[in-house]
Every structure is written in structure tokens, then in C-alpha cells.
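**Student:** The lines below spell out each chain.
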Amino acid sequence: MKHLIAMSLILLGLAAPAARAALNVLSCEPEWAALAQELGGDLVEVSSATTALQDPHHIEARPSLLARARRADLLICTGAELETGWLPLLQREAGNARIQPGQPGYFEAARFARIIERPTALNRAQGDVHAAGNPHLHLDPRNIARVADGMAKRLADLDPANGARYAQRNADFQGHWAAAMARWEQQGARLRGAPVVVHHRNLSYLVDWLGLAVIGELEPKPGMEPTAGHLAELLETLKATPARMVLRAAYESPKASAWLASRANIPAMELPYTVGGSPGAKDLLGLFDDTLNRLLQAAP
Amino acid sequence: MFHRLLLAAGLAIVLASPARAASPDEISALRAEFDRKFQSLQADYEARLKVLESRVQTAEIKADNAQQDAAANASPPPVSSNAFNPDISLILQGAYIDRAGGERPITGFMPAGEHAHGERGFTLDHTEVVASANVDPYSRAFVNLALADEEVEVEEAWFQSLRLGHGLTVKGGRFRSGIGYQNEKHPHAWDFADNNLMYSALFGEALKQDGVQVRWLAPTELFLELGAEVAKGQFFPGSDGGADKNGAGAWAAFAHVGGDVGIAHSWRAGVSYLRASPREREAFLDDINDFEALTAFSGRSSAWLADFVWKWAPDGNPRQRNFIFAAEYFDRDEDGDLLCQDDSAAGGACLGLTDRYDSAQSGGYVQAIYQFMPRWRTGLRYDRLDGGSVDLGANGAFFDSADFDPSRWSLMTDYSPSEFSRFRLQFARDKSFQDDPDNQVILQYIMSIGAHGAHKF
Ligand SMILES: [Zn+2]
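Going down the list, the sequences are from chains A and B.
All letters in the first sequence, in the order written, are residues 2 to 301 by my numbering.
All letters in the second sequence, in the order written, are residues 119 to 575 by my numbering.
These are computed hints drawn from the structure, not numbers from a lab.
Do not rely on the hints blindly, as some may be mistaken.
Unchecked claim - Taking beta-carbon pairs under 7 angstroms as the criterion, some of the chain A residues facing chain B (in silico):
| id | residue |
| --- | --- |
| 1 | Q55 |
| 2 | H59 |
| 3 | R63 |
| 4 | S65 |
| 5 | L67 |
| 6 | A68 |
| 7 | W87 |
| 8 | L90 |
| 9 | A98 |
| 10 | Q101 |
| 11 | Y252 |
| 12 | P255 |
| 13 | P268 |
| 14 | M270 |
| 15 | E271 |
To be verified - DEER-style ranges, computed between Cβ atoms:
| id | chain 1 | residue 1 | chain 2 | residue 2 | range |
| --- | --- | --- | --- | --- | --- |
| 16 | A | G194 | B | V270 | 57 to 63 angstroms |
| 17 | B | W494 | A | L297 | 37 to 43 angstroms |
| 18 | A | A241 | B | S539 | 31 to 37 angstroms |
| 19 | A | K222 | B | H284 | 57 to 63 angstroms |
Yeah, the Cβ is synthetic: ideal placement off N, Cα and C, and Gly gets one too.
Make the full structure from the sequences, and use the hints.
**Tutor:** Below, the structure is given as C-alpha cells:
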């Protein structure tokens, strides 16, 4: 009998989950997964619905994502209509009341960030414009700091028992981040005014923060694939107004930038765009370190 | 600025030297010292200038940023009362179709609805109007109307729960059933210009249900979804007669599993079951004299469906290239009584007898779609149905027994200038109508305007 009790206790012990993370977090993009990991540490279990090699505009609400959304305590997305093509479906079909819009379990980074490029008129003839302004907001590190404040509060709201720890982790993060930003701004100072060509407006915040000058886009209209005609026109523009480099995100096809760069005789530079987009971009600090390195390398 | 520095440096050197006539040696030594000091001063000055410059730039950035911050915060997003209006989209889908004329029902299968005759030449087909919005924090409503000349068909009109949690979602109203894979997709989201033979034979277009659907998603790593529906059952394979009662004239259940394999592959597989009880379900069948006989079936219709879809994209990024494979299979049994009347008044064979009708039929399709470069896709589909066994009892004497398995090959290429428009060219070798194979060409366009919602996997 004693053996039986001992045995069942052992079995119970085995069946009980090992020290589990308090919050199950699903993020729409890798940058927010990385930030949630910074702020939550071992209090959170984080996964990202997309990788740096996937276009966050064009994702499918595939079965595995529904299964993950079903179990999430907190869904962290960019918002500002970046994910309109798949996120509403994910929220509706997952049968998870916690992550619905308006619930504390749904966090939109755009609500805490400074948004640029708000369109004054909406017309699809303008291409795939984002009605709520440019949603690719994480490439301005000041936005990361703003979103971190909001996210730390939200984590604490959802897990009040560990509220002080989230606040402490955020304070640490903000300290490191401010120092890193000062360093990046120092490094990036000589890029100010550098003329560049970009693939899509997903680099607008980086351009805005570092004061680069965009003189052309590979996409004829936002969201439209580059066409031969548009690239030829762009090449003509570059003859009159030369650019220092052609920039694109890791998830974008290299073809158009390679074509233009070889003819204009300037470097084509792939930027990690988000965490995981290059070997150096292992976390948020690495993302900006690597981005600055690449820019400085392309514009000596 | 630089000249003054030079002057100052020169003066300093002169003042530092004793007031006496200098020898040529001393002069050259002095000059060397002057040059050295001057160069070091120059380097120092340049370094200071650089630091100053970068500090000014950083300050400029900061000032700029502060200004932009203020500007951005001063202009909150515009809000207007029509932000509460539903998302509305209109979908136009017209075509030019070249195919054999006349009625070409799928041989050996009870025609499902009025879609047996194909239009040809230029056609508007139908135009979809879609509206959807959250009703309140608890539910969402969706309407899809199909507009054609002199008719508006309510394709879907339902509400869906948003806040039940525990993996549960309830839908009520008229909705496309969750059975199978293609059933929930509207024609504008199909990968071919026309319907596959399986869905044509089973439902006409797709199974619509007026009723209630409950879905449950399991809290597991693997995607596992279970669903059940009870409905009025007035649409084929049900009938108005079967639906005219308290309770449900049809019910369905389905289970889907799915997941990812690595980062590049994802899949979903499912089984579904549908049961309907048609009463006096009318259909025209060609009799042995080639006259249209009016038949009425009462009994039980049950069908099993199996579906599988597999998608691939390099790195899971479908933007440049992607591949979709889908296959579905069904097995349907219908047992009951069939009344066969001579509808054409003269020459028809049927004598108004009611006798048993037992059929066991099956079929399916396999299709593959490949996007080989941005905007361009090509696809191949093979349809095949098995006429199976059909026992008409005493009425069997009035019909040719069809030992025929309908089939069709379709090849399409489509071009999408953007995600809101698509042009498609499709060729088909259609052998679904016995003894009269047909080569078909369809040139189709799909245009969607307004807020276009996301498509399911
Ligand atoms: Zn964008």
C-alpha cells in the first residue's frame, strides 16, 4: 500500500508540469517576440508567427498558427493594418477570447509608437497603401523604447504577481537601449543626408531616424512588384541624382536591387529588417548593430 | 580662421626665441619646428572640428526628432462616424467562355440545382457584394450577396461568436458548410475558372446551410478542429420538402488536423460527413426516348468527404514562388423512393411509378497550383467521378443504364497585377457528358474593390 502511494505520488510529480512560464506569448513579428523576451525573461514563453524571411503583409492564417493562437495568453502585433490580410482571421478562428481586439490579451505596438507617412488620401491606384500610416515602425529604435514601456505595463497587467519584475526588466532594458541609441546615432551621424534607393517603404523609419534621403523606390507603387519599366526609369533618375546604395529587407527578392545596383554601379545592401534577418541580428541590439554596420560599410 | 591660427602659431614661435640674429642652421631648425607644430595644430584642429560637426549633427537629429515627435503627436488619426460602417467589398467576375451549348448535366448523377446549363460567350457571371463588421464585442456579422440579372441570391448571412473562448466558435444564419476543403471558398477564391466536378455533383456549387455551426479547436500543438452543424436542409442534396418540418433537415460533422513541416511546408487534412433527408426532391432526367422526365426523390442522402491540402513556399514566404496541392474525395449513398413522371406530355417513357432508388457513387479531384514568379501562376486539375451503382427499381426500365465515369482535365494560367485583380485563361477537356467530349476555353477576370477580407488557408 505504501509502495502504491509512493508510486502514485511519483507519477503525479511526473505528470505535473515543470516550472512553467507564467505567460504564453504569441507575436506576429520577430521584433516583438524579441522585445517580449527581453521584458519577460523566463516569466514568458514566446514564439513568433513569422520569421524575418517572411513578408509580414502576406502571411496565411495556416493551421499551425491557429493552434498557437488558441493557446496564447497574449498576442502581440504591430497593428496599423500591417497584418490585415491574416490577423483578423487568426483572432476570429482561434476560439480564444483573451486575444480579441480590445481585450488585454491583444497588444498593438502601433498604439504606443510615433507613426509616420499617414496618407492624406486613400485610393488603391496608389498601390497597397496603409491607411493608418506606415506600420513598419520598429526600425526607429525610439519606437522600440516607447513600445517597451507599453508592453511591460501590459505584461504586468496580465501577470500582476510578477509586476515588479517586468517593471525592473523594463528599466534595465531602457537603460541599455538609451546607451545603445546614443552610440548608433553617433555612428550614424555621417550617414545623414546620404541618398539611397529602397525596395519598399518598410525602411522608412530607419531612413527617418538616420536622416537618409530616399530618392527612389524599387516598387512602382507600395506593395507592387518591381517592373522592368519602372526600374529603367529609376536608373535614369540615378544618372541625374546618384544614390549611395540600394537597400532592401532580407525577406525581399534580391533581383530588382541587384539589377539596379549593377547598372548604377552602387552597392546593393540587404538589411536584416528584423530579428533573425541576418546572423548578426540575434536580438534587438544585434539588429541595429548589424544594420548600422551594413550601412556604414556600404557608404564608407 | 585658419590664417589667424597660422599667424598666432608663427608669433608664438617668434616670441619664444631669444632676441638675437639667428644663424642659417638655427633658422632651418626653427622652420622645421614651426612646420611640425603647425602640422600638429592643424591635425588637432581638424579632429576638434570633426567632433564638433558630429555633435552638431547629433543635436540636429535630436531637434528634428523632437519636432517630428511633436508633429506626430499633435495629429491624432482622423476619426469619422463612418468608421463604424461595415467593411464592404464588391467582387466582379466575368468571362468569355467557349464551349458546347445546351444542357450538359454530369452523366449518371442527379443534377444538383440549376447549374447544369453552362453559359457561353461573354458573361458577367455574378457579382458578389460582401459586407462584414463586428456587431459588438461579442459577435461579428457577415453578408455575401450574389447579384445577377433579376435575381439576388443570399450566398451567406451569418453571425459568429467572438468571445466564447475555450476554443469554441458558434456561427448562426446561412453559411457555407465547414465540410471538405473547397466548400467555404467563394468562386472568386477558386483556383480554376469553374467548379470541380465533385462539388458540382454533390452540391451544384457548394453546400449552404441555414442553421447553426459549432466549432471547437483543441488546445494542442497539432491543429485539431472538430465541428458540427444542424440545418434546415433545403439545399441539394436536401430539398424544400425535407426542410418543411420542425427540427433539422440536414446535419453535418467534420474534423480537421493540420500543421507545419519545417518552415516551408504546411498541410491540413480532414474528414466530413453530411446527412440530409430530402422529400420530393425534383430533378429532370433524360429517359430512354430522350425526353426529360420529372423525377421526385424522397429518402436519405449521406456523404463522406475526405480532403487534403499541402502548401509549400521557400522559407515560408509565398511572395515569389509557392505551390499548392489539394485533393478531395467523396462517397455518397442515397436510399429512398423515386417517382418518375412523364413531363413532356407526349413521348416520355415514365408512367408515374414510385419505386426504390438506391445509389452509391463516388469521385474526387486532384489539383496543383504553382506560382512560378510573382503575379503568375499555373495549375492543373483532374476530375473523376465514379458512376457507381444506381438501382431505379421498376423505373429502371425507362432509363438507359449509364456505365460511364465522367472525367475532365483542366489547365489554367493566371496573372494577378495586384492582390485585388486577376486574369485567367483556362483550357479543359471535358468528358463529363457521355458521348460528347468537349474542348472548353475560358478567359476570366476577377476584380475586387473595397475592403477585401482575408482568405482562409
Ligand atoms: Zn508595407
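**Student:** Mind checking the CB of H59/A against every CB in chain B and telling me if the closest is under 7 angstroms?
**Tutor:** holds, 6 angstroms
**Student:** Regarding the hint that A98/A lies at the interface with chain B, is the smallest CB-CB distance below 7 angstroms?
**Tutor:** holds, 3 angstroms
**Student:** Within 31 to 37 angstroms or not, the Cβ separation of A241/A and S539/B?
**Tutor:** holds, 34 angstroms
**Student:** With 57 to 63 angstroms as the target window, see if G194/A and V270/B comply at their CB atoms.
**Tutor:** Given about 59 angstroms between the Cβ atoms, the range holds.
**Student:** Please verify that hint: A68/A, Cβ, nearest Cβ of chain B, below 7 angstroms or not.
**Tutor:** holds, 4 angstroms
**Student:** Does Q55/A hold up as a contact with chain B if the rule is Cβ-Cβ below 7 angstroms?
**Tutor:** Nearest chain B Cβ about 5 angstroms off; hint holds.
**Student:** Using 7 angstroms as the Cβ threshold, decide whether S65/A counts as touching chain B.
**Tutor:** holds, 4 angstroms
**Student:** Please verify that hint: Q101/A, Cβ, nearest Cβ of chain B, below 7 angstroms or not.
**Tutor:** Hint holds; Q101/A Cβ to chain B Cβ min 6 angstroms, cut 7 angstroms.
**Student:** Should the interface hint for W87/A be scored as holding, given a Cβ-Cβ cut-off of 7 angstroms against chain B?
**Tutor:** holds, 5 angstroms
**Student:** Interface hint check: M270/A, Cβ to nearest Cβ on chain B, cutoff 7 angstroms. Holds or violated?
**Tutor:** violated, 20 angstroms
**Student:** In this structure, is the beta-carbon distance linking K222/A and H284/B contained in 57 to 63 angstroms?
**Tutor:** Violated: the Cβ-Cβ distance is about 44 angstroms, outside 57 to 63 angstroms.
**Student:** Given the hint of 37 to 43 angstroms, check if W494/B and L297/A actually sit that far apart at their C-beta atoms.
**Tutor:** For W494/B and L297/A the Cβ distance comes to about 39 angstroms; the hint holds.
Figure legend: structure checked against the earlier numbered hints; hints not met, in rising order: 12, 13, 14, 15 and 19.
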